[in-house]
Amino acid sequence: MAEMRTGHLEDALFEAREIACTVNGKLYRAMAEPRRLLSDFIREDLDLKGTHVGCEHGVCGACTILFNGQPARSCLMFAVQADGAEIVTVEGLARSPQQLTRLQESFSQEHALQCGYCTPGMLISATALLSENPSPTDSEVRHAMAGQLCRCTGYEQIVRAVLAAADSDGKGGEGGNHA
Amino acid sequence: MDLYRVEDRRLLTGHGTFLDDLSTVPNVHHAAILRSPYPHARIRNIDASKALAMEGVDAVLTGRDVAKMSRPFASALPRQAAYYSLAVDKARFVGEPIAVVVAKDRYLAEDALALIDVDYEQLPAVVDPEQAVIDPDAPILHEDVGTNVALHRTLRYGDPEEAFRQADVVVKRRLRFPKYGSTPLETFGVVAAWNAAEDTLTIWSNFHGPFSMHPVVAQALGIPSNKLRFIVPGDIGGGFGIKTSIYPYLALIGLASRFSGVPVKWIEDRQENLMASSSGTDRVSEVELAAANDGTILGVRMKIYDNVGGYFRPPEPGCTFRPLGNYVGGYSFRNLDVDAYIVFTNKSLTGPNRGYGCPHLYFGLERVVDEMAHKLGLDPAEVRRRNLIPKAAFPYRTPTGGLYDAGDYEACLDTLLETADYEGLRRMQADARQHGRLVGIGFAFGVDPSVSNMGYVDIAATPEERKRRRPKSGATQGTTIQVDDLGKVTVEISTTPQGQSHETMVRRHIAQELGIPEVDITVISGMDTATRSWTIPSGSYSSRFASIGISSAVVTARKVLEKLGRIAAHQLEADPSDVEYVDGNFRVKGAPERSLAFRHAAGIAHWDPASLPPGTDPGIYVTHFHTMPTALPPDDEDRVNSSNTYGFMADLCLVEVDRETGEVEVKKYWGVHDSGVILDHKIAEGQIQGSFVHGLGGAMYEEMAYDEDGAFLTGTFMDYLCPTFLEVPPLETRYVETPSPFTVLGSKGIGESATETVPACIANAVTDALRPLGIEVNELPVTPTKVWNWLQQAQSEA
Chain A
1 MAEMRTGHLE DALFEAREIA CTVNGKLYRA MAEPRRLLSD FIREDLDLKG
51 THVGCEHGVC GACTILFNGQ PARSCLMFAV QADGAEIVTV EGLARSPQQL
101 TRLQESFSQE HALQCGYCTP GMLISATALL SENPSPTDSE VRHAMAGQLC
151 RCTGYEQIVR AVLAAADSDG KGGEGGNHA
Chain B
1 MDLYRVEDRR LLTGHGTFLD DLSTVPNVHH AAILRSPYPH ARIRNIDASK
51 ALAMEGVDAV LTGRDVAKMS RPFASALPRQ AAYYSLAVDK ARFVGEPIAV
101 VVAKDRYLAE DALALIDVDY EQLPAVVDPE QAVIDPDAPI LHEDVGTNVA
151 LHRTLRYGDP EEAFRQADVV VKRRLRFPKY GSTPLETFGV VAAWNAAEDT
201 LTIWSNFHGP FSMHPVVAQA LGIPSNKLRF IVPGDIGGGF GIKTSIYPYL
251 ALIGLASRFS GVPVKWIEDR QENLMASSSG TDRVSEVELA AANDGTILGV
301 RMKIYDNVGG YFRPPEPGCT FRPLGNYVGG YSFRNLDVDA YIVFTNKSLT
351 GPNRGYGCPH LYFGLERVVD EMAHKLGLDP AEVRRRNLIP KAAFPYRTPT
401 GGLYDAGDYE ACLDTLLETA DYEGLRRMQA DARQHGRLVG IGFAFGVDPS
451 VSNMGYVDIA ATPEERKRRR PKSGATQGTT IQVDDLGKVT VEISTTPQGQ
501 SHETMVRRHI AQELGIPEVD ITVISGMDTA TRSWTIPSGS YSSRFASIGI
551 SSAVVTARKV LEKLGRIAAH QLEADPSDVE YVDGNFRVKG APERSLAFRH
601 AAGIAHWDPA SLPPGTDPGI YVTHFHTMPT ALPPDDEDRV NSSNTYGFMA
651 DLCLVEVDRE TGEVEVKKYW GVHDSGVILD HKIAEGQIQG SFVHGLGGAM
701 YEEMAYDEDG AFLTGTFMDY LCPTFLEVPP LETRYVETPS PFTVLGSKGI
751 GESATETVPA CIANAVTDAL RPLGIEVNEL PVTPTKVWNW LQQAQSEA
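Just so you know, the protein sequences line up as chains A and B, in that order. First residue of the first sequence? That's 1 in our numbering, and the numbers climb one at a time after it. First residue of the second sequence? That's 1 in our numbering, and the numbers climb one at a time after it.
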């Protein structure tokens, strides 16, 4: 609030700091106010519009990114927390729009996206799952993805797409069943 | 690798273009909206001086400014209950917009909200629509109306009194249907730029139609309609009807831009979305059914209290009347009495939401059909069979004026019973009951209306009032196709899709019609009212694409081909009737060596008008507006064909209730759909699955809840529970495909289907499960808390 901006401590809260982070393999240096959300930083300051914002309170998962290899909700983090971090957004999954990942292709083939608004978060979350658990069960997919809301598909096609990309029949492969 | 849909590549790689991704105009500032914390309060004064003094703040717009700069939105209530884009005298629900801050960025705009002092005088609130009408002490929301009844209509078809006199059995139930919305994952977003030099207002938004709201906004703003430009991006992050109701914000942010002198952007946050965007109505109803001993339905009476919240926002009262033509569902009874109250209360406003009025309708109708079957000791499937409209009766005129195009309802029922192994389920249920388990089987059938007729909204008026107005009709959708000089095709659609795969389907069918590869066709979605073809019913709502949208695209392509054929015939010196079109070439019948390629015919239209046949315009740019001749205004008996194609769903589900926790588990759900010819089974399945889960949400989880004093209880996704990956039961879908005679490809809408019957089906199944305890489900959602309380009560009474 404006009235708060009088003291030195408060000034520091609003003073932009330089941060450096790697996003999709590229190093960015930028200024960010301490209160700037990481989701806003990625979308507005880095102009990477693929990360979508659906609730800004950490429930819908649309803004999920890979943060040092782990899925994280960028709307629940501040940009300054990303100083020194390695981030992957949906733009960083495929080598180019013409060379999609197997997961992206199976999302299309299984019709696992309709409006596409939740899709970036879904892809990131499923990518993280498959890197930890290359052949998950149906139930493992659902539990791993339960923090991602979709209002179009009703989820079934997304489960199918993840299982198809995992080369998994949904019953758990050898060594892949962590249930 | 080819992707399944043309939309997919951009959406999978983060290259979609949603509203908040657009680069619009330079120097865009940001709005934040101050909202009422009270359900009902007089606004004595607003002091924005501290906010205005804050660095970075441009302006603060209040209701006083809005009342000076604009008029109330036009509605079926011509002069009363004025509804502006900001509260003017009173706040009438929690979350009602009170003031708008425009600032350099969104963070500053939100900071400034806290510096606005509003002096409120709190008033008592009412949230129950029946209480708002019948309780003499209920506070009145709109003093100039003098009652909380916004509209009251009594409608009578056939001879309901006689039907109830002749009945062997009458069942009557009081039902409560909850307030919920589809909460698209992308919230409302608006950018408005007032151009003072040219007196024009350009508004970018994720509005998905109907574009009948364009003149409504123009009139509210008092600007000529051709100075108001709506632009919609190609990608919209879900809509489900909810984004129709963004239009008051188009006016509000437009006013904010005019007032502050800068372009203004507003992105709704999720809390705003849950408390104040839009939802279906909550409905209190009494539904009464008269039947003969054999289960034949003789007539139905419905008393309805539909809660539209603090103001009457068009297209309401669509929740009540949009399904009017299909009020009898799939049944052949002819006698119906409707007593409908559309009511103001201190809740947020309502509008189209997937299924628009049909989930409410079938919850009432299908609950009493089941209770009638139970009372007569008949099987609920067989009672339904006895009453289904027979296949031979189509096209079938319902008593309320609906003209059902086609369907084989009995085949749907047969398929349903067979697919689900109904007899086996009943055996399993009997066995489970022996072991004390609460297992239930429920049915719900419904007729799924698509392509609403613009005429239905006039049911809000009496036949006498309608005589004094110009009638409304039609269900038009337009397509524009241009073919360039190299034979490449660009198609502009006016259906503003939100995930329904319109680009894919239009490209596929136009490629088939034009006999050219799909890659030669680019489909442009989105909208620009200043430069593209549109008309009043344009947009995506009422499942219109698979009926009228694709019909419009196909007929436009045929017109293009007809013109190219005339050009080719002239070039080939043949009569057009002697020219055939084979494999992308026009050729003279019997002389295939005399031929002209598609692209060469197109080239002539652009490069060589001198070679065109006499009377043919140069260029290939064809717009065709397609309408339905069946979309007529209401008649003097209040009958209206409120939609234009009608699908059918026959649903069955199996549930089990946990005695200890009250939790309901839907073990399996079956749905058989007759939605005409299915254009693409994978996409249709996606639509059905999505609408199934919306219905599931309404039946079991989702409610925009208020306490009795009007406080709003579900302002986050932690409180408003959308189903997740873990809540979705297995769904098995089957199709009966009876072609529609009214559409070009025999197809009809399917995107709203399941959502209309799922709440009724789950309520019937849970009732069946709890029947041994004498518990009926006459209100939704069936949350564990609710069921647990019923179980406790039943136990204490036992």
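Mixed in with the good hints, there may be bad ones.
Distance windows between CB atoms, simulated [as the list claims (entries may be wrong)]:
1. A591(B) x Q99(A): 43 to 53 Å
2. P34(A) x S23(B): 54 to 64 Å
3. D707(B) x D83(A): 53 to 63 Å
4. A114(B) x E15(A): 17 to 27 Å
5. Q99(A) x H435(B): 33 to 43 Å
6. R173(B) x Q99(A): 50 to 60 Å
7. Q80(B) x D83(A): 51 to 61 Å
8. E86(A) x R433(B): 54 to 64 Å
9. D617(B) x A146(A): 51 to 61 Å
10. R433(B) x Q99(A): 54 to 64 Å
These are calculated hints, taken from the structure and not from any lab test. In this text, a Cβ means the ideal position worked out from N, Cα and C, and glycines have one as well.
Hints the structure violates: just list their numbers, smallest first. 2, 3 and 5
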